[in-house]
Amino acid sequence: MSAREGVRPFDLLTPAERDYFGRFGNGLVVVLPAQRPSTSDWGRGGPPHGGAWIHVGQDGKVRAFTGKVEVGQGTRTALSLLVAEELRLPISLVELTMGDTDVCPWDMGTYGSRSMPDAAQHLRLTGAATRNVLVEIAAAQLGVPPGDVELSEGRAQSKGPRGAKPIGYGDLVRGLRRLETVPTSTQPIPPPEWTRAGHPMVDIGSREVVTGARQYTSDLHPPGMLHGKVLFAPSYGSKLLRVDLSRAQALPGVTVVREGDFVGVAAPDPPTAQAAVKALRADWETSPQPSEKDIVDYLRQHPAEGEDFWDVLHHKSGDVDAALASAPISLHETYTTAYIAHVPLETHAVLASWEGERLTVAMGSQTPFPARDALADALGLHESNVHIVVPPTGAGFGGKHAAELAMAAARLAKASGRPVRIVYTREEEFTHAYFRPMSVIDVRSGAGKDGGITAWEFHNLNGGSAAARLPYRVANQKIDNQSTDSPLPQGPYRALAATANNFARESHMDELAARVGADPVEYRLRHLADDRLAAVLRAVAARAGWVPRTGSTAHFRDGRGRGIAVGLEKGGRVATFAEVRVGSDRRLEVLHLVTGLECGAIVHPSNLRNQVAGGTVMAIGGALFEAIHFEHGRILNPKLSEYPVPRFHDVPPIDVILLDRPDLPSQGAGETPLIAVAPAIANAIFDATGQRLRSLPLVPEGTVP
Amino acid sequence: MSLEPSQALPRAATQLRVNGTVHPISLDRDRSLLYVLREELGLTGTKYGCGEGECGACKVLIDGVAVRSCVTPVGEVVGRSITTIEGLAEGDRLHPVQQAFIDEGAFQCGFCTPGMILASVSLLARNPRPSEGEIRAAMDGNLCRCGGYLRIFQAIRRAAQLPEKVDGGAP
Ligand code: FES
Ligand code: FES
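So the sequence lines, in the order shown, correspond to chains A and B. Per this note's numbering, numbering of the first sequence is gapless, rising by one per residue and ending at 705. Per this note's numbering, numbering of the second sequence is gapless, rising by one per residue and ending at 171.
Check the hints yourself; a few may be wrong.
Stated by the list, open to error - A short, non-exhaustive set of chain A residues, derived as facing chain B with CB atoms under 7 Å: (1) 240; (2) 243; (3) 346; (4) 649; (5) 693; (6) 697.
What the hints assert, rightly or not - Chain B regions said to be covered by chain A (calculated; three or more residues, Cβ under 8 Å): (7) 59 to 68; (8) 78 to 92.
It is worth saying that the hints were derived from the structure and are not from the lab. From the three backbone atoms N, C-alpha and C, an ideal C-beta is built for every residue, glycine too.
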């Protein structure tokens, strides 16, 4: 971490103004300028973001820069691999800097599975353009036409028998201070021609992980560092009336800060920080808050105006009301999903330090640039005076977007004149982060005598719109969502709305199939409007040895049941098969899962399998037993002993099927694999027992009610 | 298992044997071993995940047996031999379990990995060829929120030189 005054973050300067060569030495720099966000993805645009740059140094190293961060999803290796591919050099010579706000391109954040489609594409383009410039330089030095230059293993050589001695990239760029922009005509290497990407490889930094040498934010400990702690309200909706700081201030080495509603302490060690917070005498005014048992009614009664952080969807085609009224078969059901917690194994951690007027914050953030801008705003600083770096992070899952904790550490560091680190306890993590929103989803459908679906009305309350659109052909549709005044803090979550919407839709499809006496696989295929999704469904059904059935015939074989579900999200297609057993004691056992995924061209297959299997495992928790319990504004189960997450014994055998489509652009895969798990299990429970469960988690106590 | 110190040491002269080195520590006997390792000795490879014995991120070896350091008062392990993840490799040579975790790509964010590796080492030390059920049972106290259980399972089998299973084999 270097917090030098007078440093100007690169994203705030034009390429020519950036001190690339001063910071990284002589050589070649190729810049892909920031891009306008595509509004179809983000709803409301935003500042230009993304882009990438690459520096080839005299040491032969290639430094690449992206605004995305690595929070445990393996993108560092995948992206480095793509740079190595384009530049035809060993991955060990690629140094990828991610999310450092001084030297990386501005980026909205690492969420929404955008790392692969956006950052990957930008780095490939920049890498390809860099390669072209290297070829041109090499041609001049070797005295051959560019077409006769061959790059490999970080060296340039002329083709053919009279090939001179190869020249390393470091020598090619020696003495240069050349800055280029990526030409629009640049063509990255097409995936079918990849020689490095697309093949199994060991993740970067693996040795540090297995030896304990990898330093996460919570491990950083600069000299003189103090431990910070925040005074939190006893319940949501409480207001601080008065606080007496004097007893805390009297403790040795303790700094206490109060600014508006913020009260925090910094102390030489965590126990003293804890004691100091305890010594604060605070009076709070509480306000009545809804409890879990009334939550569905509460949400229905508290619609909120305007957009939340997700898009609002209003999709209409045909005439749903007329079609429903005339349908010989109709169904109307409500599905709910609970508030759940992210539970990253590393709790939120930040380290703030000042050098003069310049603030540096190390934090496991998924949104370092927005965090920088928010911090600058809150502290009355110019963006140039805030520097965020993102050390390795013990996962995020969408839960590490907020900047409040950084603000707290920054204030404490300023007041104490020392670096201040704040690491949440697990209980603080459960209570003061935010949750995956609850969804209440109403579905009404109509079908003809032949079973063909004629009407589909789908309404998500509070949970968002992702993946709510139908992948099925239905003439009359109305699909929308509505924000509410959620009583619990809620925010992004890995596959949040898609999980809920997919659960409702795929459960409902199964209910319809059963009603009309159709096989669940055949029924979906009959209606599917997407060939790629149909291919994934067929592959999964084949691997699972799916036996076609009609409606209600397959139940009650020694308590076993089988279910299937599909999903389309973030450009990826997924299908999950589940086999369960419900014992005579009603205990549910998941016996086997098959998840099939197609997400375009595969860059890093081993990491992709890991993501798919890991996503499937994470989804088991939300499907079966994860739920935040709350009453009068308090969380009732803010501990791992009270909030179970999947363990070894919860994980059945999982088959992962990857469908590679080198002809299609790579899509993110961090979220899509989660979304078909819950409905597949619910459908299997129905097959086993004839009982339809319409709320997630399905079996909070482990048993089918 | 009793973790009583073999001999009572006077408060001022307390030492802890960690990774073969003896460290003087300022002893509050009730302080957790996790706290002493991380905050006093700077051995940050041992992780905090919950502080209540539920996640296994804080596991270390005490005389070769994996123990949750967050619920172990340091006073109980004075005089015992403590191995943290930093002390598992022999110089540059990784322990076979560490190597197996790399070979299987058995982590994503890596935060659970030190605890997972030490729990695996402890398991294989007393049971060199564990069955699938024995692996599951021994590892059930270790959480991987990234959901990497299949790879972890494979890594343990690899370290034990048991035949490989493809995805879907286990757990
Ligand atoms: S930190 Fe010790 S078990 Fe979780
Ligand atoms: S790899 Fe992230 S918790 Fe296990």
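Okay, the hints, checked on the actual structure:
1. 240: 27 Å, violated
2. 243: Hint violated; residue 243 (chain A) Cβ to chain B Cβ min 27 Å, cut 7 Å.
3. 346: With a closest approach of 5 Å, the residue 346 (chain A) hint holds.
4. 649: 5 Å, holds
5. 693: Given a least distance of 23 Å, the restraint on residue 693 (chain A) is violated.
6. 697: 16 Å, violated
7. 59 to 68: Violated: only 0 residues of the region 59 to 68 of chain B have a Cβ under 8 Å from chain A.
8. 78 to 92: Holds, because 5 residues of the region 78 to 92 of chain B bring their Cβ atoms closer than 8 Å to Cβ atoms of chain A.
Comparing the model with each numbered hint stated earlier shows that hints 1, 2, 5, 6, 7 do not hold.
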